[in-house]
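Engineer: Letter by letter, the chains look like this.
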Amino acid sequence: MIKTENLTFKYHSEQTEDILKDINIGVADGEFVAVLGHNGSGKSTLAKHFNAILLPKGGSVAVGGIDTRDEHRLYDIRRMVGMVFQNPDNQIVATIVEEDVAFAPENLGVPSPEIRRLVDWALETVGMSDYKRHAPHLLSGGQKQRIAIAGVLAMKPKCIVLDEPTAMLDPIGRREVVATLKRLNKEEGITIVLITHNMDEATVADRVIVMNDGGVVMDAPPRQVFSDVERIKSYGLDVPQVTELMYALRREGIDVPADVLTVEEAMEALSEVSH
Amino acid sequence: MLKDITLGQYFPGNSPLHRLDAMVKIVLTFVFLSAVFTAKTALAYAAVAAFTVVIIMISGVPFKFVVKGLKPLVAFIAFTAVLNLLMTSGTVIWQWGFLRLTYEGAAYAVQMLARIVLLVLGTSLLTYTTSPIALTDGIERLLKPFGKMGLPTHELAMMMSIALRFVPTLLEETDKIMKAQMARGADFQSGNLLKRAKALIPLLVPLFISAIRRAEELATAMDCRCYRGGNHRTRLSEAKVTAADYAAGCVFAGLMTLVIFANKVG
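Going down the list, the sequences are from chains A and B.
Quick note on this note's numbering: the first sequence kicks off at 144 and runs consecutively.
Quick note on this note's numbering: the second sequence kicks off at 2 and runs consecutively.
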C-alpha cells in the first residue's frame, strides 16, 4: 500500500539536520499500523508524506505503486489515502454534517445520486447516520472526529492515515474513535495508519513503528515492542499501564510474562502467580 | 454570553420555506425588503407585518428564537426611535429646550421602529431557513453571470461559507480566551471606551493567532480531500427551481402589490 525508500526530508534547505532520516518502511494492504513517537520525533511529518501533502527531499514514497512526486496522479493518491487530523474543528468545512461528508466526492466531481449513496454509506459506517442534518459544532469531540473520518471515507479510500486523532478527545471520545477504526479495518478491509502517543491505542494495531529523532527505531508487533520496557522509555515514551505493572513485578523477582498488553491478560497472569 | 448571537444562524427544519431554492429565497428577500421600504401607510405596514408573522409561522422557527435575533439591536433600534421622536419638526406636543415632541416625530419614530424590526425579522428568516452552504450556493448561482466577467464566484462563495462555518467556533474560542484572561484579572467591562478597547488587545491577539493556525490546518485538510477550486465540482443536492419556488415568487409579488395598493388606500 505505502512504501518508503531511503526517505529523507527537511523543510528548508538551510536546515542542518533532516527531520526525517533515511526511512524505509512498508505498510501492507489491510494492515493496521500504529506509529509512535514523542513530540518532534517526525511522526506527523512522515504521515504527511503518505498522501503527497509533503514530498520527499531524498529517496521516494510510493502509494499503491504511484510515486508521490508524480503530479498527474496527485488526486489519485489523495483519493486512495485519506487523512484525518488532530483537531476535528479545523477539518470540517460545512455547517451541516452530511454536506461536510459530501465535500470530498463533490471535489472529485462524482454525480449527485452517487454522492448521496457515498454519504449515507460513510455516515452509516461510522455510526453517525442519526446526525445527518445536525450542525457539527453542537456534537461532541468524538462524534466530530467520526464525522471527519466519514468525510474521508466518502472518497472510498484504500487507506486512512490519522494524525493523533484522539489527542483532543475525552476518554469516551477516544474509545469511540478507536472502535470505529478497528471496525473499518476488520469489516471494510481499509488499511489504517494511526499516529499516536497514546500507548493503549497502539496495542490494538497489528504492528507498531516507533520513531525517535527523525528515524524509525523499532518496527514490530505491539507485544514485542512493549515488552522491551527500558528501550521504549529511552525514547521518551511509556508502555501501557498493565505492561508497566508486569515490568515492576518482574523487577521484584515475581515470575510474570513481560508481554502483557490488556487488563484481562494481566489478571490471568497474576492469578497464575498466586496459585 | 456570546452564544446569544443568533443572527446568521441556521435553524434546521423541513418547512416549505426550508425547501425553497436558496437563490430564489435570496431574490424573495430582496422583494420583501423593497416591500418594507415601499410601505408608507399604517395599512401597508400592517400588511407587511401580518405577512411576516405568517411566514415565520410557516417556517416553523419558534417566535422566541426569531425575536432573540433582535436583542443585539435593541440599543440601536431604541436610539433611532428616540432620535426620530425628538428631532422631527412639526406640530409640537411638548417641548423642553431643543427637544420637542411632535405628532410627526411620533409617527415617524413608530414607522422607523416597524421598518427596522421587519427588516431584521425578514432577513434573519432567510438565514434561519437556509443552511449556509445552500445560501452561499445560492449567491454563487446569482453571481454566475458575473463569472464570465472575471469575478471568482466559486472562491467568493467558498470563503463566505467557511467564514460562516467558523462563526460559532471562533465565538466559543473568544469566550474561552475571555474567561482565561478574566481569571487572571483582566477587566473587559469597566472603564471608558478607550480603556475597554485597550482591554480587548490581549483578547484579539490570541484569537487572531489561533484563527490563522486554524486556517492553515483547514487548508491542508481541504487539500487532503481533493479540493481544487470550482472546476469539475458537483453537488450533493443539485439545486433546481421548482413549481413551489414559482408559487412563492407569486406570493411575494402579491405582497408587493398589496403594499402599493395599501399605500394608495390608507
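Because the hints were derived from the structure by calculation, they are not lab data.
Keep in mind it's a predicted model, so treat the numbers as computed, not measured.
Some hints could be false.
Selected chain A positions facing chain B (in silico; Cβ < 10 Å) [what the hints assert, rightly or not]:
#, residue
1, Ile-196
2, Leu-198
3, Arg-222
4, Asn-233
Computed cross-link-like contacts, DSSO-like style, restricted to lysine-lysine with a CA-CA straight-line distance of at most 30 Å [unchecked claim]:
#, chain 1, residue 1, chain 2, residue 2
5, A, Lys-275, B, Lys-199
6, B, Lys-69, B, Lys-145
7, B, Lys-241, B, Lys-72
8, B, Lys-241, A, Lys-299
9, A, Lys-275, A, Lys-153
10, A, Lys-329, A, Lys-153
11, A, Lys-275, B, Lys-65
12, A, Lys-200, A, Lys-275
13, A, Lys-301, A, Lys-329
14, B, Lys-145, B, Lys-241
15, A, Lys-275, B, Lys-149
16, B, Lys-241, A, Lys-275
17, B, Lys-196, B, Lys-177
18, B, Lys-149, B, Lys-72
19, A, Lys-153, A, Lys-191
The beta carbon of each residue, even a glycine, is placed where N, CA and C say it ideally should be.
Engineer: Hint by hint, which ones does the structure fall short of?
Structural biologist: 2, 5, 6, 7, 9, 10, 12, 15, 18
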